[in-house]
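Asker: Chains as they are written, first to last, in my numbering: chain A, 90 to 351; chain B, 29 to 86.
Take the hints with a grain of salt, since some may be wrong.
Partial selection, computed: residues in chain A whose CB lies under 7 Å from chain B [to be verified]:
hint, residue
1, Gly143
2, Arg147
3, Val201
4, Gly207
5, Pro209
6, Leu275
7, Arg315
8, Asn318
9, Leu321
10, Ile323
11, Asp328
12, Ala336
Simulated from the structure, these hints should not be mistaken for laboratory data. We treat Cβ as the ideally placed atom computed from N, Cα and C, and that holds for glycine.
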Amino acid sequence: MNVLTYWFHKLGSPPVFDRLARVLAPWCYGLALVLGAIALYGGLALAPADYQQGDAYRIIFIHVPAAWMSLFAYIFMAVNAFIALVWRIKLSEVLAMASAPTGAAFTFITLVTGSLWGKPMWGTWWTWDARLTSELVLLFLYLGVIGLYHAIEDRRQAARAAGFLALVGVVNLPIVHFSVNWWNTLHQGSTVRLLGPSKIDAAMLWPLLLMALATHLWFFGTLLARTRNGLLEIDGGKDWARSIVLASQPGAAGAATERSHV
Amino acid sequence: MSDFLAMGGYGTYVWSSYAVFFIVLAIDALAPRAQRRRVLAELRGRLLRRRSRTLPTP
Numbered sequence: 090m091n092v093l094t095y096w097f098h099k100l101g102s103p104p105v106f107d108r109l110a111r112v113l114a115p116w117c118y119g120l121a122l123v124l125g126a127i128a129l130y131g132g133l134a135l136a137p138a139d140y141q142q143g144d145a146y147r148i149i150f151i152h153v154p155a156a157w158m159s160l161f162a163y164i165f166m167a168v169n170a171f172i173a174l175v176w177r178i179k180l181s182e183v184l185a186m187a188s189a190p191t192g193a194a195f196t197f198i199t200l201v202t203g204s205l206w207g208k209p210m211w212g213t214w215w216t217w218d219a220r221l222t223s224e225l226v227l228l229f230l231y232l233g234v235i236g237l238y239h240a241i242e243d244r245r246q247a248a249r250a251a252g253f254l255a256l257v258g259v260v261n262l263p264i265v266h267f268s269v270n271w272w273n274t275l276h277q278g279s280t281v282r283l284l285g286p287s288k289i290d291a292a293m294l295w296p297l298l299l300m301a302l303a304t305h306l307w308f309f310g311t312l313l314a315r316t317r318n319g320l321l322e323i324d325g326g327k328d329w330a331r332s333i334v335l336a337s338q339p340g341a342a343g344a345a346t347e348r349s350h351v
Numbered sequence: 029m030s031d032f033l034a035m036g037g038y039g040t041y042v043w044s045s046y047a048v049f050f051i052v053l054a055i056d057a058l059a060p061r062a063q064r065r066r067v068l069a070e071l072r073g074r075l076l077r078r079r080s081r082t083l084p085t086p
């Protein structure tokens, strides 16, 4: 077995991943906060006002990163759901389900901030524009995945069923992404492009990209925290999980004392 | 400073957007902590029950 496959297998083992996640999660949160603060200063204080939208455009520094995260989290969830369904890797099942709540949170932020931006600029909170509608469908897909996962008793069966739903929902991703090109209605086209020059000034671009980096780090911070919980739940009877449970303070969880007398 | 807060007249929209962003993400970070407490409590209870079943009671 070569080194790469060895590490891949090692990382897939719940106790090893748990130890790694415990170390990495605080770094993700910390870096996200620091970079996010710098990005906010750049976006709210340093960047000039837009010549057309005035200061209202400053919502872009959270709206666009949140929208990117809503898609990124879905791709992450779908890839892990696929791995879980094909190769039955326990870690992937947990990772897929752990990314759904944060994805839903970012989708919700996208919709609300978009609405708050739309009111002064378009004159309406909501319109059945293709981009807005497909993003709303994305939120429903996330909620569907979370709901299905919690509706089934067996954790592993639940993860597989919800993972299947997540995979079906992938058809919505290109619709969200290309909706501004396919239907030319109210929502503007892409401002930042991977290929070709972006249609935005550098003073506005760097806070936007930095905020995108910060939200990615935040996503991984909460993902690691949720994955640790999920692994603990699934592996509850295993030795590594048992030692963590026994080492934890009973006072930290009120329900334990009352149950121990049963 | 008040110029900064006014955001050229769009203060309400800009600041409520940022408020939503921070509140939702704060909940997103606190939820796993609550979940961890719940999972640990459940597993601890299960562990203690099993132990009391195997150990002979005096």
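Asker: Look at each hint and say if it fits the structure.
Answerer: The hints, checked one at a time:
1. Gly143: For Gly143/A, the interface hint holds, since the closest Cβ of chain B sits about 4 Å away, which is under 7 Å.
2. Arg147: This hint holds: Arg147/A lies near chain B, its Cβ roughly 5 Å from the closest one there, short of 7 Å.
3. Val201: Val201/A check passes; min Cβ-Cβ to chain B is 5 Å, inside 7 Å.
4. Gly207: 9 Å, violated
5. Pro209: Holds. Min distance 5 Å.
6. Leu275: 17 Å, violated
7. Arg315: Constraint on Arg315/A satisfied, holds at 5 Å.
8. Asn318: 5 Å, holds
9. Leu321: 5 Å, holds
10. Ile323: 10 Å, violated
11. Asp328: 12 Å, violated
12. Ala336: 10 Å, violated
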